[in-house]
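Next come the chains, spelled out residue by residue.
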Amino acid sequence: MNRLLIILLLQLFPVILMSQGWDTPADKKGKLSPFKFTDETRIVGEKLYLLNCKSCHGNPGKANFINLVPSPGDPATDKIQHNSDGEIFYKVTTGRGPMPSFKNALSSNDIWNIISFLRSFNPKYIQAFQPEIKSAAYPGATINISLLLNKKKDSVIVKLTAISPKIIVPVINAGIKLLAKRTFGMMPVDEDKTSDMKGFAAFKIPKGFRGDTAGNVYFSLRFTDEDKFGAFSKDTVIKAGEITIPQSLVKDRAMWNNVRKAPIWILLTFSLGVMSVWGFIFLVLFKLRDIYIVGEYLDKNPGKEESELK
Amino acid sequence: MTDHDNQQYKDRLEKVASVVLRPVRINNKGFILWMGFLIVAFAACLFAYSIQLRKGLIVTGLRDYTSWGMYIANFVFFVATSLVGMLISCVLGLIGFKWVKPVARIAEIIAIAFAAVAGLVIISDMGRPDRLPYVFMFGRVQSPILWDVTVVTTYFALSLLLWFFPLIPDLAVAKNKLSGRPAFLAKAYEILSFKWVHHEEQYRILHIAVRILLILVVPTAFAIHTVTSWLFAFTPRAGWDSSIFGPYFISGAFVSGTSALLIAMYFFRKNYKFQDYLTDFHFEKLGRVLFLVSIVYLYFNLNEFLVPAYKMKKLDAIHLHELFMGKYALLFWSVQLGGLVIPIIILLIRKMRKPLPLFIISMFVFAASWLKRFIIVVPPQAHPFLPVQNVPAEWHIYSPTLIETAITMASLLLALIIITVLSKLFPVLPVCELAEDEAIADNELLSGIENNSK
Amino acid sequence: MSEEKKTKKSESSEIERILESSRREFLKKAGLSGAAIITGAAAIYAGFRHEKGKRPENVIKVLTPDNRLVEIPADQVKDYKPGLKVFQTRGRAGLKGKKWVMLIDLSKCRNARKCVTACQAAHHLRPYEYHMNTLIMQESVNMPAYYMPKPCHHCDNPPCVSVCPVDATFKRQDGIVLIDNERCIGCRFCMAACPYSARIFHWQDPQNTEEDKGEIYNIELNVPQKRGTISKCLFSADRLRDGMLPYCVSACPNGVYYFGDENEDAVTNGTTKETVSLKELLKKNGGYQLLTELGTKPRVYYLPPKNRLFEFEEPDSGTQGEKS
Numbered sequence: 001m002n003r004l005l006i007i008l009l010l011q012l013f014p015v016i017l018m019s020q021g022w023d024t025p026a027d028k029k030g031k032l033s034p035f036k037f038t039d040e041t042r043i044v045g046e047k048l049y050l051l052n053c054k055s056c057h058g059n060p061g062k063a064n065f066i067n068l069v070p071s072p073g074d075p076a077t078d079k080i081q082h083n084s085d086g087e088i089f090y091k092v093t094t095g096r097g098p099m100p101s102f103k104n105a106l107s108s109n110d111i112w113n114i115i116s117f118l119r120s121f122n123p124k125y126i127q128a129f130q131p132e133i134k135s136a137a138y139p140g141a142t143i144n145i146s147l148l149l150n151k152k153k154d155s156v157i158v159k160l161t162a163i164s165p166k167i168i169v170p171v172i173n174a175g176i177k178l179l180a181k182r183t184f185g186m187m188p189v190d191e192d193k194t195s196d197m198k199g200f201a202a203f204k205i206p207k208g209f210r211g212d213t214a215g216n217v218y219f220s221l222r223f224t225d226e227d228k229f230g231a232f233s234k235d236t237v238i239k240a241g242e243i244t245i246p247q248s249l250v251k252d253r254a255m256w257n258n259v260r261k262a263p264i265w266i267l268l269t270f271s272l273g274v275m276s277v278w279g280f281i282f283l284v285l286f287k288l289r290d291i292y293i294v295g296e297y298l299d300k301n302p303g304k305e306e307s308e309l310k
Numbered sequence: 001m002t003d004h005d006n007q008q009y010k011d012r013l014e015k016v017a018s019v020v021l022r023p024v025r026i027n028n029k030g031f032i033l034w035m036g037f038l039i040v041a042f043a044a045c046l047f048a049y050s051i052q053l054r055k056g057l058i059v060t061g062l063r064d065y066t067s068w069g070m071y072i073a074n075f076v077f078f079v080a081t082s083l084v085g086m087l088i089s090c091v092l093g094l095i096g097f098k099w100v101k102p103v104a105r106i107a108e109i110i111a112i113a114f115a116a117v118a119g120l121v122i123i124s125d126m127g128r129p130d131r132l133p134y135v136f137m138f139g140r141v142q143s144p145i146l147w148d149v150t151v152v153t154t155y156f157a158l159s160l161l162l163w164f165f166p167l168i169p170d171l172a173v174a175k176n177k178l179s180g181r182p183a184f185l186a187k188a189y190e191i192l193s194f195k196w197v198h199h200e201e202q203y204r205i206l207h208i209a210v211r212i213l214l215i216l217v218v219p220t221a222f223a224i225h226t227v228t229s230w231l232f233a234f235t236p237r238a239g240w241d242s243s244i245f246g247p248y249f250i251s252g253a254f255v256s257g258t259s260a261l262l263i264a265m266y267f268f269r270k271n272y273k274f275q276d277y278l279t280d281f282h283f284e285k286l287g288r289v290l291f292l293v294s295i296v297y298l299y300f301n302l303n304e305f306l307v308p309a310y311k312m313k314k315l316d317a318i319h320l321h322e323l324f325m326g327k328y329a330l331l332f333w334s335v336q337l338g339g340l341v342i343p344i345i346i347l348l349i350r351k352m353r354k355p356l357p358l359f360i361i362s363m364f365v366f367a368a369s370w371l372k373r374f375i376i377v378v379p380p381q382a383h384p385f386l387p388v389q390n391v392p393a394e395w396h397i398y399s400p401t402l403i404e405t406a407i408t409m410a411s412l413l414l415a416l417i418i419i420t421v422l423s424k425l426f427p428v429l430p431v432c433e434l435a436e437d438e439a440i441a442d443n444e445l446l447s448g449i450e451n452n453s454k
Numbered sequence: 001m002s003e004e005k006k007t008k009k010s011e012s013s014e015i016e017r018i019l020e021s022s023r024r025e026f027l028k029k030a031g032l033s034g035a036a037i038i039t040g041a042a043a044i045y046a047g048f049r050h051e052k053g054k055r056p057e058n059v060i061k062v063l064t065p066d067n068r069l070v071e072i073p074a075d076q077v078k079d080y081k082p083g084l085k086v087f088q089t090r091g092r093a094g095l096k097g098k099k100w101v102m103l104i105d106l107s108k109c110r111n112a113r114k115c116v117t118a119c120q121a122a123h124h125l126r127p128y129e130y131h132m133n134t135l136i137m138q139e140s141v142n143m144p145a146y147y148m149p150k151p152c153h154h155c156d157n158p159p160c161v162s163v164c165p166v167d168a169t170f171k172r173q174d175g176i177v178l179i180d181n182e183r184c185i186g187c188r189f190c191m192a193a194c195p196y197s198a199r200i201f202h203w204q205d206p207q208n209t210e211e212d213k214g215e216i217y218n219i220e221l222n223v224p225q226k227r228g229t230i231s232k233c234l235f236s237a238d239r240l241r242d243g244m245l246p247y248c249v250s251a252c253p254n255g256v257y258y259f260g261d262e263n264e265d266a267v268t269n270g271t272t273k274e275t276v277s278l279k280e281l282l283k284k285n286g287g288y289q290l291l292t293e294l295g296t297k298p299r300v301y302y303l304p305p306k307n308r309l310f311e312f313e314e315p316d317s318g319t320q321g322e323k324s
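Chains as they are written, first to last, in the working numbering: chain A, 1 to 310; chain B, 1 to 454; chain C, 1 to 324.
The hints are simulated quantities; they were obtained by calculation from the structure and are not laboratory data.
Keep in mind that the hints are not guaranteed to be accurate.
To be verified - Cross-link-like lysine-lysine pairs, in silico, DSS-like; alpha carbons within 30 Å at most:
no.	chain 1	residue 1	chain 2	residue 2
1	A	K54	C	K273
2	B	K187	B	K10
3	C	K279	A	K153
4	A	K204	C	K283
5	C	K279	A	K177
6	A	K181	C	K61
7	A	K159	C	K273
8	A	K103	A	K31
9	C	K96	A	K239
10	C	K213	C	K85
11	A	K47	C	K273
12	A	K151	A	K198
13	C	K213	B	K55
14	C	K283	A	K239
For reference, chain A alone in the conformation it holds in the complex (with noise of 0.2 Å):
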């Protein structure tokens, strides 16, 4: 009995988990767009929002969303209207189960666009917003990133220091990711760090991490928590990856290759052969010459011997 019990929770579970708990951190439910909708911001967002969430979601309104479990649910109605403006941006940032995240999709200015386009289906709401503050967490100061690669080249060590005309101080318990560029985007190195006491963090660099031929990486430095330290980032190039000298994927010869790269067997095989089967056809085609030759001798010359043919 309990184990049915058991089961049949856990088979509820997901769903209760799904659909009801689905919270946000206290200190984000508050978070405020840095703009005013207008009309221009809700434009922008009908094209994100028809391009990124209307394949589960639907059209707001129209009650068009998908069959899925847990239900996306139309953004029109209560079930996402009664979220606060800091929820919203908080799930659709950080996605869960089924819905992606698109902390690397949108930009936050993206994603304010699309709430404000959402907020147009709501007529009782009325919007509060905040234009952003930057660094917070030391005001007046600029912030000062160094990346280093350190000895054993298997870590780079961050420095991070706040200067105002004053004093300079270690900048203390910051939430740092460190980015590699990629054709399609950034990539995280190693976790998320804190920098300690002293300002410093390092981050692991994954062996076989690959550079370029010089085994160069760029790197972007940013804070996770972008509301206390602004949106900044620190770019430099670093000589921390493995040196890749990329191969041309045509380079040998093969059989699928063009006929500039084929085998050479198979080239010279291919062409010996015609050349020599051709060779004897043709000369099997001067024999007719020789017959032809030997019968207009004949032809001129009747009862001729033989022995003055050759």
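Position chains B and C against the provided structure of chain A, taking the given hints into account.
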């Protein structure tokens, strides 16, 4: 070499020439009616091709999964049948069987017609026939198609020469015996006989040339059909992915080629009144050849089907199930039994190796050979490695359309046109050789009959 | 029902609109860089012609191919559109230093088929003509069914390319196997040779024959499509040249696709734009490849349908074909 000035030889030559040259005429009613029929039917089929040119291959039953169908099967069949030229004139001729002489030219005519048409039918399968020159301009030596184009062209040239060289003395003999025929024919014979005067030296040159050709045609003929088999065996598909496809195809080619030769021989014997030269003895011999090549082919069939059937690998199992018990079962078993097993059994009976029974058996074998190519080409494509999904229902099963069938018919008609023209304009039997060998052949015939009766 | 159809229609037109705008953006970019190349050369010439010290009023700065910044009179700038020869030369060469890979996470696929429709819109294909198809797979009775998107695998040992008689289909230095429908003779040997059934043939006039008339053939987009020739998945070579993810990859709403450069050991998710290590992703999730026993060396990887985000559902129309 016998003395060609000998009076006895001249008499024999006179006699043979009168028989062989009798059908060389193009103004008789039968010929005009027959050619008229062939050309009208061919034109009708060409109209079908014009529809395909206008609308694209959509007019065929081919679609993305079964993308090779009747055209390719037909191509394989034509290449296969053309191999008889090599079988008769070389494998048998090089070994030194004298009895083969009267049928050698018929075999070469079949080889020429079928090799030429094989080259043409492949164009009907191309999505962009206008780009045919690209094969020569941008050819990749790694592609079996390039090999195929090369060897089919070479084989056609060799067959043409192998037909033409032994014909030169005959043309020289015949050029003065063409009374009542159009003047252009005598003129053509005059030019094509290359001043042939039956001199020893000319015979020497001719023999060297023919010898070279006989040696060249063996590897070329093997290449042409082996490469054709590789078009399939070079892919990983179940049903095609086989290492014995080369010999399997070649032995099959000998079967269809020999049956084609027997049909043609029977036709010439009947209509051209060649009973004295295409005798029961020749049929008996070729009946044995058909038996032999069929046995060999049966052996390869056993290997080709039993080996995968024992293991039943996933895709092989699906493919074989379709053949043995599924959609293609009726076709498969009628081809295997009616076109191979039963003919082999019948051919064991001596009475059945007479001209008429052989003609009937060959008709079955010939038709089965065509259907066999269809079985080899079409079913393996219906079950690729990944499932066939989300496509229109009619894409799952290939069924040829009327237009496709008509275009395929055109190829057969064209082959018949070529055979008719060659056999009506030029002597079908080798006049000089028969005159030379008549006595020897008579002896051999007698000894052959004696041997058989023992 | 009809409403659903309508939304589907508006949705596909929406995709087309987005594609159109991206294409325009691409043309703009190509036009700019092209203008730079041509005008760069013109600039040197123009520099000699103009008298010293007599600067024309309207000058613009352009970058020459050898990385010099030069000024040229604005009225001498000509718009540049790449012609067939440019498309062919660069299309056949491929992008230097790249080795494209695709990774498909089967645990996230719910058969939304956005990849399919986006691809078909970009390459002007009919609804049943696929460069990218989503299949329902089930290996045996007790094995679970799952959805499997299937593009061309752009093999490093491509059987289709080996058999091509005219070099119409070929492999590039960045690994992409392309088809040149200006060259293809329509023999369909490549279709017979491909174990992934990745190739389609234009049995009839392609969908946009009329609309595409006169457009310059772009080998990296395979548009305009031509009757009697082969077409196939191109890894959206035109988008890659522009630094963008392939059409299917960006269209997926569920984060199924990752795409990237093997040389960098990095793949980027088309939905979430997360960039991760290819090897790490394969290692952690038990990645695999299709039909490796055939020795084709495919450039497409799969993650198994484990811990699926969506339950498998039989599509409405029932099984649209045989199971594997």
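Going through the hints against the structure:
no. : hint               : result
1   : A:K54 with C:K273  : holds (18 Å)
2   : B:K187 with B:K10  : holds (23 Å)
3   : C:K279 with A:K153 : holds (21 Å)
4   : A:K204 with C:K283 : holds (19 Å)
5   : C:K279 with A:K177 : holds (21 Å)
6   : A:K181 with C:K61  : holds (29 Å)
7   : A:K159 with C:K273 : holds (28 Å)
8   : A:K103 with A:K31  : holds (16 Å)
9   : C:K96 with A:K239  : holds (22 Å)
10  : C:K213 with C:K85  : holds (18 Å)
11  : A:K47 with C:K273  : holds (18 Å)
12  : A:K151 with A:K198 : holds (19 Å)
13  : C:K213 with B:K55  : holds (17 Å)
14  : C:K283 with A:K239 : holds (26 Å)
In summary, this structure violates none of the numbered hints.
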